[in-house]
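> The residues making up each chain are set out below.
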Amino acid sequence: MSNIVVLDNGGGLIKAGQGGERDPTTVIPNCLYKPLSSKKFLHPSPLTTLAEEIDLTSASVRRPIDRGYLINSDLERDIWSHLFTSLLHITPSSSSLLLTEPPLSIPSVQRSTDELVFEDFGFSSLYVAHPQSLVHLYEASRQPDSVLSKTQCSLVVDCGFSFTHAVPVLHNFTLNHAIKRIDLGGKAFTNYLKELVSYRSINVMDETFLVDDAKEKLCFVSLDLLRDLRLARSGNNLIKSTYVLPDGVTHTKGYVKDPQAAKRFLSLSDKDHVESDFMAKVGDRKKADMNKNEIDLTNERFLVPETLFQPADLGMNQAGLAECIVRAVSSCHPYLQPVLYQSIILTGGSTLFPQLKERLEVELRPLVPDHFDVKITTLEDPILGVWRGGSLLASSPDFESMCVTKADYEELGSARCRRRFFH
Amino acid sequence: MEEEMTNRRVSNRTRKVATKMAAALTSNDNRTQAAIARLEALENDNGAIEVVDVNDDEEASLDEDDDLGYVQKKQHKGSKRKTRQAKALEARRAPKSFLELLQEANLESLPAHVPTYLKAAVGPPSSSSRRHFCSVCGYIAGYNCCLCGMRFCSIRCQNIHKDTRCQKFVA
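These protein sequences, in sequence, are chains F and E.
Position 25 of the first sequence, counting from 1, maps to 25 under the numbering used here, and the rest follow consecutively.
Position 20 of the second sequence, counting from 1, maps to 20 under the numbering used here, and the rest follow consecutively.
Straight-line C-alpha distance at most 27 Å; calculated DSS-like pairs for lysine-lysine:
id, chain 1, residue 1, chain 2, residue 2
1, E, 87, F, 34
2, F, 150, F, 357
3, E, 82, F, 40
4, E, 96, F, 39
5, F, 217, F, 357
6, E, 96, F, 34
7, E, 87, F, 40
8, F, 257, F, 240
9, F, 263, F, 253
10, F, 40, E, 96
11, E, 82, F, 39
12, F, 257, F, 217
13, F, 39, E, 87
14, F, 240, E, 162
Chain E side only, calculated, beta carbon under 10 Å to chain F, not exhaustive:
id, residue
15, 46
16, 120
17, 130
Hints listed in this document are in silico derivations from the structure and should not be mistaken for laboratory results.
The structure presented is a predicted model; accordingly, all values stated were derived computationally and were not measured.
Where a beta carbon is used, it is the ideal one built from N, C-alpha and C, also for glycine.
Construct the complete structure from the given sequences, taking the supplied hints into account.
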């Protein structure tokens, strides 16, 4: 029996490991980066190793995935061969591959992916899944008596690196005609935060990894935007937070100056009514920033995730997350709609912003008819959720019969093989 | 120049675009162009080059050209004038960006019931009112600069804007 490699090929992170296990063996960023200290593009080290951390200031990056779809197969081949040989220690020719691909891919991308898997690496068989159906499988197995698993249907909201999808899933297949997509993801949030910080204090337009880190540690979703803006403006300490950039000498990684203080926003509740104090002098704020390598973040902390709920803030002519969900559900059959609203699953790295679930509930409830119940569940680990679903699928007994073998691919070609997956 | 595809021949001439987008694209108005460039910069892998004129350079941002990083370095070192043919060969070898692939795939010609990438985009928001934020401090902005169109919230922010950032981005 060949072993099955489960590979969640994401725009930001690759999660890879053996099928049947609880956690992936490695999680590495899906890119090649070039820090200032080196002249060539390097492979990033896995996220869990505590090896000496390279100074990632002004590291430039090359990604094989553009807007969510794999377009640069040479680069991806490079990354995967490093992954397979040094990190996973498997031989492709004796293994099957379970790969994830975003829904509604175009044929040329699918073809180049198939070529990469079968011709460059020589896997013995392949199964391509949509990440959302894997999430549904995982969640259904974790809660066997919920509405979700009894009806075999759910709405998966996947906020990833490249974009955000609202996907209805029925019987482990995605309903492609009802998928709705917002072109905002972790990458766009990081770039927006870079733009805001560069406008207001230090120019960080080159520092992708540092600003990414700051975004993950400091950004949160505000439950009441106007109140939080007023708080930020009045110089109140509940929201302001400082991030220290690395200086290469004392520390090579950026860190939040006072992690406890950064959590003080959680104490804000609906009942706090803030008097509009006189605005703290904006000039003071600018002076403090120029002294050391520090960035002060006040309203950027919640303005960045706010764009997911209202992309019009950026000037994008797209609806926000709540409306996206409503439109996706409304495109389904009327019998499915109440079930879908009751089983909304949030997944993807960008759902890790604190208070996102509460804000989504508040926004979604007025848009949904009264007689429908709205219930949102979050995965315990949104980043690994898809991989775990894939691992579950790989360990099911009829997985082998669902795959496309190398012989099938060589005989029939890519397009015919793809139809077996009902994509 | 037409590119041969295995099933369809696609020309590189202009394609139909939504009317609002077309109006924005063809306008010489710096403000709309700066807005479009700003949105496209959100998809960058690497940041912009220059320090001060952030907005200006975003129009000439590297974007998908970053994939040609290796090739561009060789250009600096060799510094030979490349012939047009050599440049075309290079452009062919570099991986195409997703938007180019999308255009080539010609998704509009598929029958209406087939779900595609383009149809899956969630459409415009139901309410067209948008909120504006001050470019200096981030509060809700009520006014905009008459010269360059950037937003600000109060006189203090307006002064800062006038001193440091106005007219630096408008060509």
